[in-house]
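There are 2 protein chains.
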Amino acid sequence: MEFTILKKSTRSKARRTRIVLPHGTVETPVYMPVGTNGSVKAIKHQDVSDMGYRLILGNTYHLYLRPGIEVIKQAGGLHQFTSWPHNILTDSGGFQIFSLAPFRKIKEEGMYFRSHIDGSYHMLTPELAVQLQCGFRSDILMALDQCTAPGITEKEAVKAMEITHRWAARCKDEWMKCRDQWGGNLFGIVQGNFFKNLRKESAQFINSLDLPGIAIGGLSVGEEPSAFKDFLAYTCEYLDENKPHYLMGVGTPEYILEAFEDGIDMLDCVYATRIARNGAVFTHDGLLAMKKERFATEFIPIEEGCNCYTCRHYTRAFLRQMFKTGEIMGPMLATIHNLQFMYNLVEDIKKSIDDDCFETFKKDFLSRYTSGSREE
Amino acid sequence: MEFTILKKSTRSKARRTRIVLPHGTVETPVYMPVGTNGSVKAIKHQDVSDMGYRLILGNTYHLYLRPGIEVIKQAGGLHQFTSWPHNILTDSGGFQIFSLAPFRKIKEEGMYFRSHIDGSYHMLTPELAVQLQCGFRSDILMALDQCTAPGITEKEAVKAMEITHRWAARCKDEWMKCRDQWGGNLFGIVQGNFFKNLRKESAQFINSLDLPGIAIGGLSVGEEPSAFKDFLAYTCEYLDENKPHYLMGVGTPEYILEAFEDGIDMLDCVYATRIARNGAVFTHDGLLAMKKERFATEFIPIEEGCNCYTCRHYTRAFLRQMFKTGEIMGPMLATIHNLQFMYNLVEDIKKSIDDDCFETFKKDFLSRYTSGSREE
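Keeping their order, the protein sequence lines are chains A and B.
Heads up: the first sequence runs through residues 1 to 376, numbered per my numbering.
Heads up: the second sequence runs through residues 1001 to 1376, numbered per my numbering.
Just to be clear, a hint being listed does not mean it is correct.
[Said to hold, decoys possible] In silico BS3-like cross-links for lysine-lysine, where the CA-CA straight-line distance does not exceed 30 Å: (1) B:Lys1073 <-> A:Lys324; (2) A:Lys324 <-> B:Lys1159; (3) A:Lys105 <-> B:Lys1292; (4) A:Lys73 <-> B:Lys1291.
[Unchecked claim] Simulated restraints on C-beta separations: (5) A:Glu304 <-> B:Glu1376: 44 to 50 Å; (6) B:Asp1180 <-> A:Glu375: 41 to 47 Å; (7) A:Ile300 <-> B:Asn1242: 44 to 50 Å; (8) B:Glu1376 <-> A:Glu293: 54 to 60 Å; (9) A:Thr25 <-> B:Lys1291: 36 to 42 Å; (10) B:Asp1230 <-> A:Arg114: 40 to 46 Å; (11) B:Glu1237 <-> A:Glu304: 42 to 48 Å; (12) B:Glu1376 <-> A:Lys155: 54 to 60 Å; (13) A:Ile300 <-> B:Ser1120: 47 to 53 Å.
Rather than coming from a laboratory, the hints here were simulated on the basis of the structure.
Virtual Cβ for every residue (Gly too), placed ideally from N, Cα, C.
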């Protein structure tokens, strides 16, 4: 995988990079929409592509359970199956087992769990996680890791980190074996819970595996914002700077700006699309809940000047009508807006780094965004 | 309203006509997708327009209750509010009160009913029905009528028919008064339940009002298919042939072909979009239920050769995945296909009438369609 640092901010760790992947080149910072079951929810892949997105995320846990690896392999891979011609990053399934499975047991061998769909038992090993993602023909594959929640003891955190490291090494071995079948790129994941010594140790270990990229897992899992910021900045200090840095499962515009400032290159989150389905839409002045009574006669777009399809064709009053009447059109139109907003935000961020004024951009954006409404 | 008969079939009453409406010209036969709350469900109006549709239907009952006439008036009318630049026909609200309201009482004045949304009481008079539709700036307005179910006595049917006639005359009076505000076209509705003498009497009365168009109501309301065919053909015999004929709330490909053969020019139905949301899709070989196990590894489009967006981009296997995982994308993609199928079917019908071979087309289409699967 070709990775080039294009530009570094002089006042922070913010940077611009280029990653050459099997399905095209991606410039960073980049935000990845999430396509859990093979579809970014409520929006056609062509519309996602038309906005400019070139990298989306798929969830191995969901795709493994439904439709299953054999179906996706027979389809010719996940790109073919889902009609998405650009890059796909898949997670390993570990985080979804942590957050969704009704039962899970960590064994040295792998994660033993029950499906949240039909209660069936499964074992996800590091080797299987890699084989599944190779079967998907994922452009970026993630190593199997054990995510932990805030509040555990250091002893528990060490145990989870160490198994994450052993699994990462096993993932690397399996990936080396599979490389002649498919040229996807494996990223390792830093864990260590909320213990700085462990975060440092984990970053150093994952660096040492010399994989194409490095991710940070186990942040934005319920901790205080101050802990998030502290542990993010601290962990970023120890990441190999010649590798792409991926912060998993983040997040809001606030968290995204924080992450990019610390030198994160890539991130993904369901936030933009999930809140859209509930009627919450981004504006530069904060979040608006489209169901609110006051929008009933607001015959203006969600945000004046927004170039998204929704804002070019529909008013807040119409959006409110769609959400009040439970029409599928509500989630559809709000999803378009929120994904376009995120795309535009990241484009603005890229430009600000090119112009070496990211820190000013961040301050100005947040000052306006956080003083507005928060109608999530 | 300019209405021209373009071509008549020599072997049946099937015909081609042209209707000039305020938002453009419509050639018939025409099928109208239904946009109950201001949106054809699960599809953007632009996509509906891109398929070629130029006339859709809105439901006055729903729009009156939510968002209310004042909101739509303030928006500049229903076209403006819903971002649909072409023609809109609105029903009067009578049928929805008949089928949805938890309580309704027919009075000479109008229909007294409770909202299915919040239980509030309302009175829909013929005058209000016209005023609402003028406020929407509907291209075609429907008179308020009283729909009845099969199985009532002749006495009850006479009573409902007569009130329908008095209401139609009041609608006409109100429409004449409103015409300087908005140049929409009022259609009268033939009722008479399943009594031929009443159907004849009703057709003759509605003809006598000399409105721009004539609709048939109260068919396809639960009667046997043989009764539907019999009463449709019988009623059509008495419609003024120099007016457009609109059959309300029909229907399936089988019923549509039947109706066009009897000289119906326009019809609407939720069938195509409703079954789509449940995963049932049209093919020339019948209906397919996309959730079925056998589609899991069918990497072919819903129908080979179909020009719809869904068939050009996605496989049956992907559709199945979307429906099995409950993704909004399932209803979105199936709606696109079914509306394109209906559009193409009507285009084929138009061509067959132009070529004076409609009856052969009908026979061939039905022979293949009805011998296939019926997985609704």
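key: lysine 1073 of chain B paired with lysine 324 of chain A [C-alpha distance capped at 30 Å]   = Given pair lysine 1073 of chain B, lysine 324 of chain A holds - Cα atoms ~19 Å apart, limit 30 Å.
ask   = Are isoleucine 300 of chain A and asparagine 1242 of chain B spaced within 44 to 50 Å by their CB atoms?
value = holds, 46 Å
36 to 42 Å as the expected CB spacing between lysine 1291 of chain B and threonine 25 of chain A, which holds or is violated = The hinted range 36 to 42 Å holds for threonine 25 of chain A and lysine 1291 of chain B, with Cβ atoms some 39 Å apart.
key: lysine 324 of chain A paired with lysine 1159 of chain B [C-alpha distance capped at 30 Å]   = violated, 38 Å
query = Do the beta carbons of isoleucine 300 of chain A and serine 1120 of chain B sit within 47 to 53 Å of each other?
reply = violated, 29 Å
query = Range hint 40 to 46 Å: satisfied by the CB atoms of aspartate 1230 of chain B and arginine 114 of chain A?
reply = violated, 58 Å
task = Using the Cβ atoms, figure out if glutamate 304 of chain A sits within 44 to 50 Å of glutamate 1376 of chain B.
result = For glutamate 304 of chain A and glutamate 1376 of chain B the Cβ distance comes to about 45 Å; the hint holds.
key: glutamate 1376 of chain B paired with lysine 155 of chain A, Cβ distance criterion 54 to 60 Å   = holds, 59 Å
ask   = For the pair supplied as a hint, lysine 105 of chain A and lysine 1292 of chain B, is the alpha-carbon distance within the 30 Å limit?
value = violated, 33 Å
query = Falls inside 41 to 47 Å, the C-beta gap from aspartate 1180 of chain B to glutamate 375 of chain A?
reply = This hint holds: roughly 43 Å between Cβ atoms.
request  = Using the beta carbons of glutamate 1376 of chain B and glutamate 293 of chain A, state whether their distance is inside 54 to 60 Å or not.
outcome  = Hint violated: Cβ distance 39 Å, outside 54 to 60 Å.
query = Taking 42 to 48 Å as the hint, is the beta-carbon distance of glutamate 1237 of chain B and glutamate 304 of chain A inside that range?
reply = For glutamate 304 of chain A against glutamate 1237 of chain B, whose Cβ atoms are near 57 Å apart, the range 42 to 48 Å is violated.
Violated hints, in rising order: 2, 3, 8, 10, 11, 13; the structure is consistent with all others.
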